Amino acid sequence: MITIVDYGLGNISAFLNVYRRLNVEARTAKTAQELEGAEKVILPGVGSFDHAMEQLQRSGMRDKLDDLVLNQRVPILGVCVGMQMLARSSDEGTSPGLGWVAGAVRGLGALMTTPKLPLPHMGWNDVRVVSRDGLFDQLDTDARFYFLHSFYFECDRVDDAAALASYGREFACAVHAGNIYGVQFHPEKSHHWGTRLLHNFANL
Amino acid sequence: MLRPRISPCLLVHKGGLVKTKQFASPTYVGDPINAVKIFNEKEADELIVLDIDASRDRVEPNVRLIAQFAVECRMPLCYGGGVKTVDHAKRIIGLGVEKVAISSAAMENPQLISDIAQAVGSQSVVVVLDVKQAGKGYEVHTYNGTRNTRKQAAEVAVEIERRGAGEIVVNSIDRDGMMKGYDLPLATLIRSATRLPMTVLGGAGSLADIGALVGACGVIGASAGSLFVFKGAYRAVLINYPSQAQKDEIVRFALQPAADRAVN
Chain H
1 MITIVDYGLG NISAFLNVYR RLNVEARTAK TAQELEGAEK VILPGVGSFD
51 HAMEQLQRSG MRDKLDDLVL NQRVPILGVC VGMQMLARSS DEGTSPGLGW
101 VAGAVRGLGA LMTTPKLPLP HMGWNDVRVV SRDGLFDQLD TDARFYFLHS
151 FYFECDRVDD AAALASYGRE FACAVHAGNI YGVQFHPEKS HHWGTRLLHN
201 FANL
Chain G
205 MLRPRISPCL LVHKGGLVKT KQFASPTYVG DPINAVKIFN EKEADELIVL
255 DIDASRDRVE PNVRLIAQFA VECRMPLCYG GGVKTVDHAK RIIGLGVEKV
305 AISSAAMENP QLISDIAQAV GSQSVVVVLD VKQAGKGYEV HTYNGTRNTR
355 KQAAEVAVEI ERRGAGEIVV NSIDRDGMMK GYDLPLATLI RSATRLPMTV
405 LGGAGSLADI GALVGACGVI GASAGSLFVF KGAYRAVLIN YPSQAQKDEI
455 VRFALQPAAD RAVN
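The listed protein sequences derive, respectively, from chains H and G.
For the first sequence, position 103 matches number 103 in the numbering used here, and the numbering has no gaps at all.
For the second sequence, position 142 matches number 346 in the numbering used here, and the numbering has no gaps at all.
Just chain G, with the same shape it has in the complex (with noise of 0.2 Å):
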């Protein structure tokens, strides 16, 4: 059976790992290479790894950084930030990252993802949206938040599906660090527009709330970053991901026929 990914985000900041919370106030938690040695050791399903300065800061993406990454990390590894060419994207296929995150670049040139998926494969081509509660809507986000392209998140996903991307990550702002859980109405609803595979990002605070995920939207990445660098009520830091039988017991539960799961 394909399972559920359960996959660590790290973000990267003037060269530290940091948390957001609502994609603001960065707290540094630790070096990045030091974390992905960690999530090595537990046998972590994926990772992301998303540099939150290179857009904003209309910087190339920092090969050498991806590098140390590509060569450390013994899990699959979606790199994003910066990307806004097919020769950036190339380079960072040909540093032995598995994929490829396109986010601001893809919103201002939905192109760019044909043209990647054409160079490196659809399957590397990860496009990230950046989403925002609006009324009844959600909408898609860009440079870490501080523009809204006000087009709605499911139409924007259903146009990704088309282009030629391989996956789907919804990073939802209004839930960023905040470990109260995620989103399910909109989970539900960017899964329902598209056959993509898809993971979410944004509020997971406890492996409950990654298996509430999995209930609603059956098998999907639940991606979190604070649940995986932080402990406790007073966010000490502590890298963290479940061991793989709490993994098996996450997914087995939240899989299983709802008249099942009343009965446990």
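Next up, chain H with everything else stripped away, as it sits in the complex (with noise of 0.2 Å):
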């Protein structure tokens, strides 16, 4: 069983349908009561990092994840922005982030050298596997995901990047610290690629 954090942010319906045609169990949580018992969390996210960060502060069911992340081990995925609250800060803000996962949300415009590539980094992108963690199984090679986002998270433990992207240069487009995870592409909309990987968090 999935349970998906419904704040009021991101694209939860999208997660729903794979799931539903994935023949997986899934639903939607929308209070710390429902919450509880959850076995793996999906933490979508879109928008500004602070907006984000209100919004679930809001929602009173921060504690609860707080302790089931934490203490009881449950596995978590964070996507886009919801991989960007597990940092412990962003520039694109001032509000504190989760802090589960060591690292700081940065701007990819300062990343870049010359030539000035687009902003956002919007489209599909391939994706460079670097740790046999089970997320991204049978994904390491030829796999490919859709990106829209300006922010990307910079680990401050190199083992932390389980997967690299390249725009402008190579940024950690997927985290992963023990039962934490957090992908910076949307899996819910890149077809089969997405699909897969979102089977493998249901079987982690």
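Don't take each hint at face value.
Stated by the list, open to error - With a Cα cut of at most 30 Å, we get these calculated DSS-like pairs of lysine-lysine:
#: 1; chain 1: G; residue 1: Lys340; chain 2: G; residue 2: Lys294
#: 2; chain 1: G; residue 1: Lys241; chain 2: G; residue 2: Lys435
#: 3; chain 1: H; residue 1: Lys40; chain 2: G; residue 2: Lys355
#: 4; chain 1: H; residue 1: Lys116; chain 2: G; residue 2: Lys340
#: 5; chain 1: G; residue 1: Lys336; chain 2: G; residue 2: Lys225
#: 6; chain 1: G; residue 1: Lys241; chain 2: G; residue 2: Lys288
#: 7; chain 1: G; residue 1: Lys355; chain 2: H; residue 2: Lys116
#: 8; chain 1: G; residue 1: Lys294; chain 2: H; residue 2: Lys30
#: 9; chain 1: G; residue 1: Lys218; chain 2: G; residue 2: Lys336
#: 10; chain 1: G; residue 1: Lys336; chain 2: G; residue 2: Lys355
#: 11; chain 1: H; residue 1: Lys64; chain 2: G; residue 2: Lys294
#: 12; chain 1: G; residue 1: Lys294; chain 2: G; residue 2: Lys218
#: 13; chain 1: G; residue 1: Lys225; chain 2: H; residue 2: Lys116
#: 14; chain 1: G; residue 1: Lys435; chain 2: G; residue 2: Lys218
#: 15; chain 1: H; residue 1: Lys64; chain 2: H; residue 2: Lys40
Honestly, the hints are just simulated from the structure, not real lab data.
Small disclaimer: the values here were computed from a predicted structure and weren't measured.
Mind docking these for me? Both chains are given alone in their own frames, and the hints should help you get the complex.
Right under this line is the structure:
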């Protein structure tokens, strides 16, 4: 059973649709009570970092999520801004992040040397898997995913980067630390590659 | 490597899927939701859906129809038509649409671009420019090409970027439905005016036309209507889309250095 955190951001129905096609049970949680007993959690997110953090705080689910992830070690997958929220902070705003994976969110523009590439980084990009952690099972050759973002996760520890993508230079497009996973791209909109990744998450 | 995006553009008129020529004479080509299902199977890069009635008829975005698209669509979706307020944009994004397109309203009130970007994030704000050649330049038109703003497309593109849009779609009214190729001078003109991700629409009649666009502009969005809904000289209705291998081939050829291309 997959529990998708519904705090008003992200394409919840797209995740539910993928899992329906995969015949994997999935539900949404809008309150701390509905998070109770979650076995696997997806934290989606779109828009700005501060807005996402505020919305999550306001949802009343923050403490329960901390308990599930940090004490009960429930696997969690942060997606897009949901991945960025795993960091301690973001250059996009002033709100502190969840601080579950050591790192900070930086602007992609600052990475670029000339020529300046278009921003946001938007479209289908290749992903280079660097850690064999199950999430990318059968995705280590020829996998491509849909990206839509202007900020990226800068890991403190190189080992926490699970996959890299290149836009101007390489950056961590997936992180993994213990039971905590994050992907910068949108698996829910990445056709069979994304479906495979969400299937892998369900099977971890 | 980031790849060029090849995106079908679906026009919705009176609830049906239509294709126009130079923004006129809409031909009914089928059920839009059915088309979405076919593009899911073909794993299209993205989908653009434009309701061509909403702005002209001054009606609100059709929330029920958009919700249906969002549920069916398994690829990133951009929706446009009748979006006039921040609230419209928020509601559409809330339905599970990745990007919301604005056009006429953004030309009348450019501040709307910033306001929507503030509410849903820049990455989800697409501005569509309907342009027509005028002498040596290109002028932006609104309300399905019925009104000329007399503003130069390249100048408007700069303004759109400054206002915080996340993407620009350049739609050639002259080339719409003609299937004779993109307006490459227009594409390169706007490409050099802005650093925003960009998509070009209007004129594609073959995969080679897409290759020519990518060759001229590099990694860019290539959108098309007729190419993906018609087949053959008699414009028989047949939803189609290139395979992964065909797409890779177009891109590989178009992006290789010009010297290598000449030898091949």
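Straight-line alpha-carbon gap G:Lys336 to G:Lys225, limit 30 Å: holds (13 Å)
Is G:Lys355 close enough to H:Lys116, meaning Cα to Cα at most 30 Å? holds (27 Å)
Between the alpha carbons of H:Lys64 and H:Lys40, is the straight-line distance 30 Å or under? Holds, at about 13 Å.
Sort out whether H:Lys116 lies within 30 Å of G:Lys225, counting only the CA atoms. violated (36 Å)
Holds or violated: H:Lys116 and G:Lys340, Cα atoms, limit 30 Å. holds (28 Å)
Taking only the CA atoms, is the gap from G:Lys218 to G:Lys336 under or equal to 30 Å? holds (25 Å)
Decide if the proposed pair is consistent with the structure: G:Lys241 and G:Lys288, CA atoms, cutoff 30 Å inclusive. Cα-Cα ~28 Å, so holds.
Take a quick look at whether H:Lys64 and G:Lys294 sit within 30 Å of each other, Cα to Cα. Holds, at roughly 28 Å.
Would the pair G:Lys435 and G:Lys218 pass a check requiring their Cα atoms to be no farther apart than 30 Å? holds (24 Å)
For a C-alpha distance cap of 30 Å, please report whether G:Lys294 and H:Lys30 respect it. holds (19 Å)
Given the hinted pair G:Lys340 and G:Lys294, is their alpha-carbon gap at most 30 Å? Measuring from Cα to Cα gives roughly 38 Å; hence the hint is violated.
Pairwise hint evaluation, G:Lys218 against G:Lys294, where the allowed Cα distance is 30 Å at most: holds (24 Å)
The structure does not agree with the numbered hints 1, 3 and 13 stated previously, though it agrees with the rest.
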